[in-house]
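Enquirer: Protein chains in written order, with the working numbering: chain A, 10 to 104; chain B, 2 to 372.
Keep in mind that the hints were calculated from the coordinates and are not lab data.
One or more of the hints may lead you astray.
[Unchecked claim] The calculated lysine-lysine pairs, modelled on DSS-like cross-linking and capped at a C-alpha distance of 25 Å, are:
1) B/K234 to A/K31
2) A/K99 to A/K31
3) B/K219 to B/K209
4) B/K209 to A/K31
5) B/K346 to A/K99
6) B/K219 to B/K346
7) B/K237 to B/K346
8) B/K192 to B/K209
9) B/K346 to B/K234
All values reported here derive from a predicted model rather than from experimental measurement.
One letter stands for each residue in the lines below.
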Amino acid sequence: MSTTTTLTAESRPGLSPHVRLKQDRARGGWVLLGPERVLMLDDLAAEVLGLCDSAASIGDMADVLAGRHSAPRAEVLGDVIEMLQNLHDKGLLIV
Amino acid sequence: MTAPGPPLALLAELTHRCPLGCPYCSNPLALERVRDELDTATWQRVIDEAASLGALQIHFSGGEPMVRTDLVALVAHAHAAGLYTNLITSAVLLDERRLPPLQEAGLDHVQISLQDTLAENADRIAGYPGGHAKKLKAARLVRGAGLALTINAVMHRQNLAHLPEMIELAVELGAGRLEVAQVQYYGWALKNRASLIPTRDEVSQAVKIVAAARERLKGRLVIDHVVPDYYAKRPKACMGGWARQFINLTPSGLALPCHAAQGIPQLRFDNVRDRPLGEIWEHSDAFERFRGTSWMAEPCRSCERREIDWGGCRCQAMAILGDAAATDPACALSPHHPALLALAKTESAEAVPPEFAYRRYAKAEVEPASA
Ligand code: SF4
Ligand code: SF4
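Let the sequences and hints guide you as you build the complete structure.
Expert: Right, here's the structure in full:
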């Protein structure tokens, strides 16, 4: 019985209900907050998570990010999926 | 000493009152009285101070935080201050009437402790008949309301055999996270150690069960596992390092670097009634004493792990060795580690564990917990 979900370009991730994305004024940058977890985010991660609204697909997000950073879309897509899969496995994202 | 970074979280022990009597309760043996508890306005001021210091989370705990009638006001205040709010509760007072206002106040997360999967044994361990059924009901209520839930399963030799069932129960209840918290030996748990400590084999078995469940439930249930460190090779980074991440406030307003810190008699604690929290964080004697690495003696002083585990737990060094500045005896590099291990082996091998000494107020001064 494996219940692991594999994210794809079609997945529409959102933050899990108990997770908050918050600007951290004392330390600078953004953090992802859960009950026993505080994840300091780098700029890119914060940007990606800001797009996770359960409406946009990961493909849509890759379009936006590739445009903003003038980077190859395929590469961006791969990076974003990897990052979000990791957060999903930690229970921080829902799809 | 250089100024510390900002604290991550405030652990707010709102009260030491609790209807339950868990023999491993992390509260000190000398429980604080209701007449000494901080009032609402003081808690609210301290919450603001914590937020402006840079704290990101607040954990409302106790005792049983729900016996405080101002809990909703405090949650609302913390939420407005931008803190992530977590309620750590036994849940026996959490019902259809109490939950909605908490949720409206902005509560982010609820953590419910379970004593076992079998109602009868769970109620015996908590010293509270009917408690287990109430907890299950409350857990379902929390999930039904769409709130996130952690199950905190406190495990020891008298329930560890039910770990697989506990994992299933957490899934069935819809928890996003399960904390398999094997008892750590401070406060009441230290007093009851011989009744609680599992054998090393039982612990390794539990580690395997958790590893398999983690893999199987990836993306569905996060499992955190705290193992009894008597059997470890290296100690845990207690509180993420002394006075590096947490401020623990007792019901009467004493600021502690760790909930067990009062076990160290030579520390002087400040009270938030007398001093702003920021000053306490930076300058309080109790916080400064073991912050960083300069207090360390060998083997910690020259150890490459000194900024990983920060020398382990000061309170355990105190409790076991009578010296709070010694290397945590849970560390295999401590000369006292073999003795600790021997003690764990002897106590856990007792065929019949001794009777529990239930957590309670000292006699003749019983403090009834009212909802
Ligand atoms: S551990 Fe048990 S006795 Fe102690 S506060 Fe929690 S529920 Fe109450
Ligand atoms: S000697 Fe000290 S710093 Fe090194 S592992 Fe042991 S407790 Fe940690």
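Enquirer: Looking at the structure, which of the earlier hints fail to hold?
Expert: Violated hints: 1, 4, 5, 6 and 8; rest satisfied.
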